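Novice: Fit chain Y to the given chain S structure using the hints.
Here is what each chain is made of, one letter per residue.
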Amino acid sequence: MLQITNLSKKYANSDVYAVQDVTFEVKEGEVFGFLGPNGAGKSTTIKCLMGILPFDSGSIVLDGKNLQEDPIAVKSNIGYVSDNHLMYDKLTAREYVDFMADMFKVGVNDRKSRVDKLLEMFELGDVYDKSISTFSHGMKQKICVIGALVHKPKLWVLDEPLTGLDPKSAFILKELMKEHVKEDNSVFFSSHMLEVVEKVCDKIAIIDKGKLLLVSDMDKLHDNASQLSLEEFFLSVTNADSEPDVDFD
Amino acid sequence: MYNFWTLTKFNLSYYLKPRFENAKDKRKFIVSAIILILVFAMPLAMMVYTIYNAASMAIQMNIVADFISVMLLASQIAVLFMGMASYLQIMYFGNDNEILMTLPVKPSAIYLSKLIVSLFNNLIISTVIILPSIITIAVAFVREGFSFGAEYYVLIPFALIFIPLLPLLIISVLSFPIMKIVSYFKKHPTISALITALLTVGIVLAIYLPSMAMGGEVEGDISGTLVGVMSKLGRYFYPTYCFALAMVGSQIAKNLAIFFAITLVALAIGVLTSLLFYRSTLSKMSEGGGVSSTEKKVKSTEPMSTKKALVMRELKGVMRDQSIALQTFMMLIMAPAMLLISTFMSRNSSPEEGETFCIGMFELGMSFFYSFMMIGGMNYMSLIGISRDREQFSIAKTLPVTSKQILQAKLTLSDLTTLLAVILSGAVFALVSSTPWYNKILYIIGVFACTFPLNCFCLMRDVKAPNLKWTNIKQISKNNMGTLVPMLVCVVGGIAVMILGITMSFLPMQEWLMSLIFWGVVAVIAVAFFFIFCFRKMDKMVEYFDKIEI
Numbered sequence: 003m004l005q006i007t008n009l010s011k012k013y014a015n016s017d018v019y020a021v022q023d024v025t026f027e028v029k030e031g032e033v034f035g036f037l038g039p040n041g042a043g044k045s046t047t048i049k050c051l052m053g054i055l056p057f058d059s060g061s062i063v064l065d066g067k068n069l070q071e072d073p074i075a076v077k078s079n080i081g082y083v084s085d086n087h088l089m090y091d092k093l094t095a096r097e098y099v100d101f102m103a104d105m106f107k108v109g110v111n112d113r114k115s116r117v118d119k120l121l122e123m124f125e126l127g128d129v130y131d132k133s134i135s136t137f138s139h140g141m142k143q144k145i146c147v148i149g150a151l152v153h154k155p156k157l158w159v160l161d162e163p164l165t166g167l168d169p170k171s172a173f174i175l176k177e178l179m180k181e182h183v184k185e186d187n188s189v190f191f192s193s194h195m196l197e198v199v200e201k202v203c204d205k206i207a208i209i210d211k212g213k214l215l216l217v218s219d220m221d222k223l224h225d226n227a228s229q230l231s232l233e234e235f236f237l238s239v240t241n242a243d244s245e246p247d248v249d250f251d
Numbered sequence: 013m014y015n016f017w018t019l020t021k022f023n024l025s026y027y028l029k030p031r032f033e034n035a036k037d038k039r040k041f042i043v044s045a046i047i048l049i050l051v052f053a054m055p056l057a058m059m060v061y062t063i064y065n066a067a068s069m070a071i072q073m074n075i076v077a078d079f080i081s082v083m084l085l086a087s088q089i090a091v092l093f094m095g096m097a098s099y100l101q102i103m104y105f106g107n108d109n110e111i112l113m114t115l116p117v118k119p120s121a122i123y124l125s126k127l128i129v130s131l132f133n134n135l136i137i138s139t140v141i142i143l144p145s146i147i148t149i150a151v152a153f154v155r156e157g158f159s160f161g162a163e164y165y166v167l168i169p170f171a172l173i174f175i176p177l178l179p180l181l182i183i184s185v186l187s188f189p190i191m192k193i194v195s196y197f198k199k200h201p202t203i204s205a206l207i208t209a210l211l212t213v214g215i216v217l218a219i220y221l222p223s224m225a226m227g228g229e230v231e232g233d234i235s236g237t238l239v240g241v242m243s244k245l246g247r248y249f250y251p252t253y254c255f256a257l258a259m260v261g262s263q264i265a266k267n268l269a270i271f272f273a274i275t276l277v278a279l280a281i282g283v284l285t286s287l288l289f290y291r292s293t294l295s296k297m298s299e300g301g302g303v304s305s306t307e308k309k310v311k312s313t314e315p316m317s318t319k320k321a322l323v324m325r326e327l328k329g330v331m332r333d334q335s336i337a338l339q340t341f342m343m344l345i346m347a348p349a350m351l352l353i354s355t356f357m358s359r360n361s362s363p364e365e366g367e368t369f370c371i372g373m374f375e376l377g378m379s380f381f382y383s384f385m386m387i388g389g390m391n392y393m394s395l396i397g398i399s400r401d402r403e404q405f406s407i408a409k410t411l412p413v414t415s416k417q418i419l420q421a422k423l424t425l426s427d428l429t430t431l432l433a434v435i436l437s438g439a440v441f442a443l444v445s446s447t448p449w450y451n452k453i454l455y456i457i458g459v460f461a462c463t464f465p466l467n468c469f470c471l472m473r474d475v476k477a478p479n480l481k482w483t484n485i486k487q488i489s490k491n492n493m494g495t496l497v498p499m500l501v502c503v504v505g506g507i508a509v510m511i512l513g514i515t516m517s518f519l520p521m522q523e524w525l526m527s528l529i530f531w532g533v534v535a536v537i538a539v540a541f542f543f544i545f546c547f548r549k550m551d552k553m554v555e556y557f558d559k560i561e562i
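Chains as they are written, first to last, in our numbering: chain S, 3 to 251; chain Y, 13 to 562.
In isolation and in its complexed conformation, chain S is listed as follows:
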C-alpha cells in the first residue's frame, strides 16, 4: 500500500537532516505505529508523506503512485488527522466536513451516511453547525477525524491522534482504526502512548534523531523481546547508541 524509500529531508535553515534514509512499508490491512521521542522526525516524515513538506531525496509511493509524480492521485487516497487539530477554525464543523467532501469529490448520499454515523459515534450532532473556533481540543480532533474519513481513504494517517481525547472517544477512535483496516485499508499513525500502540498496531517503526532504528511486526517483537514491555523496549532502543541487540525482520 505505502512504500517510503530512502526518504531524506533537511530543513532550509538547518545543516542537520530531520529525516535521513528512512525506508519502510505499510501493507494493506495493517495498523502501523510510528514511534519516536520528541523531535525524532515523526511529524516531518508524516508532513513529507502528506505533501506539506518538500523532501530532498527518496520516494513515497502509495498504491503504485509516486507522490512527486502524481501528488493528486496519492492525496486522493489519504485521510489526514494532524497533531495540532489543523483545520479551518473559522468554518462551522458542517462547513469544514462539507469542504473536505467537496475536495475529495464525495457524493451527497455517501457523505451523509458516513458523516451521520461518525457524528452519532462521537456524539457531535448538537454542535455540528457551530463554529470550530468555539470547540475544545477533543471536539476539534473528532471533527478532524470525520473530515479525514469522509472520503473513506485507503490510507488513514494520524499524527498523535489520541492526545486530548476523553477515554470514550479514544476507545471509539481505536475501534475506528480496526474497522478501517478490515476493509483492506491501512492506518499509519504516530503516538507516544505505547500501551495503545501495543494493543492496536500490527507493525511498528521506531525513529530517533531522523534515523529509523527498527521496523517490526508486533508479533515478532513480542517473540524476540518477550521479557520486555514495549515501553521498556522503546526506551532501550532510543537510549542505545547503536542498533538494538534483538534481530528483527
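Everything labelled a hint here was simulated from the structure, so no lab data went into it. Wrong hints could be hidden among the right ones.
[Stated by the list, open to error] SDA-like mimics (lysine to any residue), calculated; alpha carbons at most 20 angstroms apart, straight line:
no. : chain 1 : residue 1 : chain 2 : residue 2
1   : Y       : K320      : S       : R96
2   : S       : K201      : S       : E181
3   : S       : K29       : S       : N8
4   : Y       : K552      : Y       : Q417
5   : Y       : K559      : S       : D17
6   : Y       : K552      : Y       : F405
7   : S       : K12       : Y       : A477
8   : S       : K107      : Y       : K416
9   : Y       : K559      : S       : P56
10  : Y       : K559      : Y       : S415
11  : Y       : K320      : S       : G109
12  : S       : K201      : S       : N187
13  : Y       : K452      : Y       : I353
14  : S       : K154      : Y       : T318
15  : Y       : K452      : Y       : L528
16  : Y       : K36       : S       : S16
17  : S       : K114      : Y       : E314
18  : S       : K176      : S       : D219
19  : Y       : K481      : S       : A14
20  : S       : K119      : S       : E181
21  : Y       : K559      : S       : E71
22  : S       : K67       : Y       : D558
23  : Y       : K328      : S       : H87
24  : S       : K107      : S       : L151
25  : Y       : K481      : Y       : D558
Fair warning: this is a prediction, and the values are worked out from it, not measured in the lab.
Specialist: For chain Y alone, coordinates are given in the frame of chain S:
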C-alpha cells in the same frame, strides 16, 4: 503603577518594534524604508511648495496663527482618518487581549498603555505633516523679513506629541459605542466588521466634510484659495487654534493653559470611560463567536465544484476573521470615501484669472490616484493571500488539488474584491464628478485594468515569503515589507496618473481630446502592469508555493 510601565514598555516593543529574523531581513527593511522615503519625497516636495506659497500670503494677510492652526488641524484629521482602524485593532481586536485580561493589571492601565501605543503609532502621520509645515512656515516668515520667538521652536516637540493625542482621545471615546454595536453582532463577524468599517469612515467623514465645505466659496488662484480656506478653518477646532496662537507668541501662558486643560479633560474622559466600559467591552469581544444550532437553520448539503469550494472556503475564512474582514471592508469603503473627499478638494481648486481649467480632468486625476492607492495597494485578499492562512496553510497542501488550483482560487477572490471596490468607487465618482459620462464609464474600466494585475503581484510576493506564524494582523500588514512594495508601486503609478490629470486640466484643449490622451496613457500603464505582473507568472507562483515549509 509598576505594572502599567512594564506593560507599556512591553506593548510598545510588541506592537511597534520591527522584528528581523536575520541580517538580510534587516537590510531589506532599511532599503524599503529608503525607497518609501524617496517615493513620498515628491508629494512632500509638492506639499512644501504649496505651503510655502500659502504661508507667504498668510503672512501678508496677517493670518499666520490661523494658517499654523490649519496645518495642525490637517495632521489631526489625518490621524482621525488613518488612525481609527489601527486604534480599533490595537485596543479591541488584538489577540493579546485575552492574555492581558488574565494579568494583575487594571483595565485602565491596559487602556492607557494601548493608548500610548496608538499615539506612537500615529506619531509618524502627524510628524510627516506637522514638521515640514512648521519648518516651511518659519522659512517663509524669515524670507518675508520677520522672525518667530523661541516659543515657536520650543513648542514644536510638544506639537508632535500632543496634537495627535486629541483626535486619538476623540477616537477613543467614540470607539465605545462603536464596539458596543460590534459586540452585539459578535456572533456575526462579517456584519460586525462591516459595521465597524462603516461607522469608522462615517464618523471621520462627518467630522471632515463640514470643514471642507467651509472653504468652498473662496475665489482666487490655488494658493490664494488655500489661504482663504485656511482663515476659515483655522478656528474650526478651538484647542488647536489656541496652541497655534501660543506658537506665534500670542498670550502664550493663557493659550497653552487652555490647550492643555482641554487635552487633560479629554484624557480624563477617556480614562473614566475606559474604567466604565473597557473591561466589559473586551470581555464581550472575547466571548465565543459560534453560531448556535438554534439560531441558524441547518442548511442542506449541496456539493460544490472544486473551484467553487476553494473560493468559498477562502471567502468564509476571510469574512469570519474580524481583523482581516475589517481591513477588507475598510478598503472597500475608504476608496469611495477618499474619492468623495478628493472631489471636494478639486472643487476648491479654481484657476488663476485668464487660465483655462477643466475641473473634470482635475477630478479624474485626483480620483484615479486615490482609487489606485486604496484598491491596488490595500487588497488584503491578495496582499496576505497565503499568510492569512497561518498554520492552516498546511491543510491546502494535503488536499487532492493542484497548487495552481489553490492559487487561482485566491486570485479569483482577490479579483472579485477588486472589482467590487472599483464598482463602488465608480458609482461614487459617477455621482459626484462633473466629468462627461464616457469618462465615468472608462474610470471603472481603467481603474480595474490597472489594479487587477497588482493582485497577481501581491500574491506572488506573499507566496515567495509568507509569514505563517503571525499573532497580530499588524505583523502581516503594516510591519510587513512584503505588503509595502505593492503599495509603493501604486503610489508611483497613482502619482503619475494624478500629475497627468492635473497637468491636462490646465491645457487649452477640448475635453474629449484630453480624455483620449488620458485614457491612452492609462491603457499603456494597464498593459504594462499586465505583462510585468500577470503574464505567465503562475508557473513561478506554483514553484514558490511548493517550496513553502511550515
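Novice: Compare the structure with each hint and give your call.
Specialist: Now for the hints, and whether the structure bears them out:
no.	hint	verdict
1	K320(Y) with R96(S)	17 angstroms, holds
2	K201(S) with E181(S)	14 angstroms, holds
3	K29(S) with N8(S)	18 angstroms, holds
4	K552(Y) with Q417(Y)	14 angstroms, holds
5	K559(Y) with D17(S)	18 angstroms, holds
6	K552(Y) with F405(Y)	19 angstroms, holds
7	K12(S) with A477(Y)	19 angstroms, holds
8	K107(S) with K416(Y)	18 angstroms, holds
9	K559(Y) with P56(S)	7 angstroms, holds
10	K559(Y) with S415(Y)	11 angstroms, holds
11	K320(Y) with G109(S)	16 angstroms, holds
12	K201(S) with N187(S)	18 angstroms, holds
13	K452(Y) with I353(Y)	17 angstroms, holds
14	K154(S) with T318(Y)	18 angstroms, holds
15	K452(Y) with L528(Y)	13 angstroms, holds
16	K36(Y) with S16(S)	17 angstroms, holds
17	K114(S) with E314(Y)	11 angstroms, holds
18	K176(S) with D219(S)	18 angstroms, holds
19	K481(Y) with A14(S)	16 angstroms, holds
20	K119(S) with E181(S)	13 angstroms, holds
21	K559(Y) with E71(S)	16 angstroms, holds
22	K67(S) with D558(Y)	19 angstroms, holds
23	K328(Y) with H87(S)	19 angstroms, holds
24	K107(S) with L151(S)	13 angstroms, holds
25	K481(Y) with D558(Y)	18 angstroms, holds
Comparing the model with each earlier hint shows no violations; every hint is respected.
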